[in-house]
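Given chain A, put chain B in place with the hints provided.
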Amino acid sequence: MTEHRHWERFTRAQRLARFTVYLGTVALLVVSLKTVEVIPDFLFDAPKQVGDLLRRMWPVDFGAYFKQDIHTALIETLNTSTLGTIVALIMAAPLGVMAAKNIVPFGFLNWIAKFILVASRTVNTLVWAILFVAVFGPGALAGTAAIACRSVGFCGKLLGETLEEIKPGPIEALKAAGAPWTSILIKGYWPQVAPAFWGISLFRWDINVRESAVIGLVGAGGIGVSLENALNLFRWTQVSLVLLCIFAVVVLAELFVTKIREKMI
Amino acid sequence: MSAAPAVRAPFRPNWWARLGWLLLLAYCVYAMGELQITWERFVVGLGTGAKFVSELFPPSSKRMGLLADNLIETVEIAVISSAFGIAASLPLGFLSARNLMPGWLTWPARAIIALSRSFHPVIFAILFVKAVGFGPLAGILTLVFASIGFIGKLFAEAIEEISLKPVEAMKAAGAPFMSVLAFGVLPQVFNRFIGFATYQFDSNLRNSTMIGVVGAGGIGGTLFAAFQRFDYDFLCTILLSIIGLIMVGEYFAVKIKATFND
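First to last, the sequence lines map onto chains A and B.
Residue numbers for the first sequence follow my numbering, so the first one is 1 and each next one is one higher.
Residue numbers for the second sequence follow my numbering, so the first one is 1001 and each next one is one higher.
Extracted from the complex, chain A is given alone in its bound form (with noise of 0.2 Å):
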């Protein structure tokens, strides 16, 4: 009796569940489709909408750069968005520390600062700039304080999964030389997690200068008021200028930190 023996490369069920995938994502889409509320003219229209845009953006108004103050709301998008990251390490690093399971072993000490950690990341920057402009009222303190909130889920996750992962050789002879926590914390995780922790400081601090030149946008400081200012104004020429000055500050604050972490590495 001969027995052909037919190969699959996946399971009944696995092609089941691919298959379900495929078809809700459709649905979902058709669905969307259908009932999202565009209207067909206004995209056949946008080429030359954008067009139009672009056209009365240029020339480019330099001489607004000191006239209008841009210089000196780009040095404060800049030091907002520094100053919120090193507030957000300095609340990081013990809520790191505290959900990091080989450092803290109690459950519950994890899990609230997990909690807070998946809090801070779930809530937008741009949210958390509207809830600190209520607070502080307008202004760059506002938007320090909702870019460091914003940070802090970040960089505290990234920070406790690196701590999670160190060599415990270190700590443990740490432990059998006596030494107090402190000396165990600062001589046995801080050099091995040292690395780890300024690239983590880098890596938010450029996604933190993009972020911090839209907050201005809903008042918490920076280039965005100089870009909300000048759109409500219709002073396009003034647009570009600020959209100019944003995207040269990003790309360079981008050079930077690719130059440091290749120092680094």
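Please keep in mind that the hints were generated in silico from the structure rather than gathered at the bench.
As the structure is a prediction and not an experimental result, all values here were calculated from the model.
We treat Cβ as the ideally placed atom computed from N, Cα and C, and that holds for glycine.
Careful, some of the hints might be misleading.
Here are the simulated lysine to any residue pairs, SDA-like style, with alpha carbons at most 20 Å apart [what the hints assert, rightly or not]:
| no. | chain 1 | residue 1 | chain 2 | residue 2 |
| --- | --- | --- | --- | --- |
| 1 | B | Lys1051 | B | Glu1040 |
| 2 | B | Lys1062 | B | Phe1230 |
| 3 | A | Lys259 | B | Gly1020 |
| 4 | A | Lys114 | B | Leu1240 |
| 5 | A | Lys187 | B | Gly1020 |
| 6 | A | Lys187 | B | Leu1019 |
| 7 | A | Lys114 | B | Gly1244 |
| 8 | B | Lys1255 | A | Leu16 |
| 9 | A | Lys187 | B | Asn1014 |
| 10 | B | Lys1255 | A | Tyr22 |
| 11 | B | Lys1255 | A | Ala13 |
| 12 | B | Lys1153 | B | Ala1088 |
Among chain A residues calculated to face chain B with C-beta under 8 Å, some are [claimed, not checked]:
| no. | residue |
| --- | --- |
| 13 | Arg18 |
| 14 | Leu28 |
| 15 | Thr35 |
| 16 | Ala46 |
| 17 | Thr82 |
| 18 | Asn124 |
| 19 | Leu141 |
| 20 | Val218 |
This is chain B only, laid out in the frame that chain A set:
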């Protein structure tokens, strides 16, 4: 004559590191002065904050119909923009992979991807609102660009890391170019592509809750309006529903990724 072996202190202070920390502290003082962050403002803010939080609770249960409509629109924006963005970044990713395509093809594709990444989605949203008017269309266009910028780049990098052996084998056997792509390249990167796609959907969902602040559709517009009208208990309801929506989205993203990881 024997020199006494130098006794090295086990934990010698690193003066350069200390100087670095000092400089960082100095910068903080400078930046706080520059941004006019003072202790008094902070304390006043804490008082206002306590009042603000007390006004947030209890969350209002009025206008649930409006909330539901907005949430649905937010999901629609995320779904449509992810679909088109992912569909567009597939060919762009192939075109900008330097190990498959000639240079004159990769650099325009790379330029498009870099352009899509250059600005924060909110800035794109402002420009699209000016170009196509208020509403979900502006949001969809914004997030399509955001998706192209992110997935296009990662997908191209994933393709550049593949093993070229199957590709060469297929070329040697005389397979046409599209078959090489479909059977030599795609199977190697498909899992990662699904990973990027679910991540991007998650990210689009998060962003589509926010771009409404500048008028590009979704729940952000209602959020900002509630904030400006000091309608804080409704603001609380909106915030809670956004958090719920994002968590549901994250749950599905994890599930879908697990389906394709075997």
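Here is what the structure says about each hint:
Between Lys1051 (chain B) and Glu1040 (chain B), the direct Cα distance comes to roughly 17 Å. Compliance with the 20 Å bound is thereby established for this hinted pair. This hinted pair checks out: Lys1062 (chain B) and Phe1230 (chain B) have alpha carbons roughly 15 Å apart, not beyond 20 Å. About 19 Å separates the Cα atoms of Lys259 (chain A) and Gly1020 (chain B), which keeps this hinted pair within 20 Å; it holds. Proximity of Lys114 (chain A) to Leu1240 (chain B) is assessed by CA-CA distance (about 18 Å); at most 20 Å being required, the pair is judged to hold.
Restraint check for Lys187 (chain A) and Gly1020 (chain B): the C-alpha separation of about 18 Å stays at or below 20 Å, so the hint holds. Simply put, Lys187 (chain A) and Leu1019 (chain B) have alpha-carbon atoms about 18 Å apart, close enough for the 20 Å limit, and the pair holds. As the CA atoms of Lys114 (chain A) and Gly1244 (chain B) are separated by approximately 17 Å, the hinted pair is consistent with the 20 Å bound. A distance of roughly 14 Å separates the Cα atoms of Lys1255 (chain B) and Leu16 (chain A); the hinted pair therefore holds under the 20 Å criterion.
For a cut-off of 20 Å, the pair hint linking Lys187 (chain A) to Asn1014 (chain B) stands: about 12 Å separates their Cα positions. Our distance criterion of 20 Å between C-alpha atoms is met by Lys1255 (chain B) and Tyr22 (chain A), whose separation comes to about 13 Å. The straight-line distance between the Cα atoms of Lys1255 (chain B) and Ala13 (chain A) is roughly 14 Å, inside the 20 Å bound, and the hint therefore holds. Among the hinted pairs, Lys1153 (chain B) with Ala1088 (chain B) is consistent with the structure: their alpha-carbon atoms are about 12 Å apart, no more than 20 Å.
Interface hint status for Arg18 (chain A): upheld, as the beta-carbon distance to the closest one in chain B is roughly 6 Å, under 8 Å. Annotation: Leu28 (chain A) was flagged as interfacial toward chain B, and the flag holds, the nearest CB pair being 5 Å apart, inside 8 Å. A cut of 8 Å between beta carbons decides the hint on Thr35 (chain A): the least distance to chain B is about 7 Å, and the hint holds. The beta carbon of Ala46 (chain A) comes within 5 Å of a beta carbon in chain B, closer than 8 Å, and the hint placing it at the interface holds.
Against a cut-off of 8 Å between C-beta atoms, the interface hint on Thr82 (chain A) holds, since the closest Cβ of chain B lies about 6 Å away. Checking Asn124 (chain A) against chain B by beta carbon gives a least distance of about 5 Å; that is within 8 Å, so the hint holds. Given the 8 Å rule on beta carbons, the hint for Leu141 (chain A) holds: about 5 Å separates it from the nearest Cβ of chain B. Checking Val218 (chain A) against chain B: minimum C-beta separation of about 6 Å stays under 8 Å; hint holds.
In this structure, none of the earlier numbered hints is contradicted; all agree with it.
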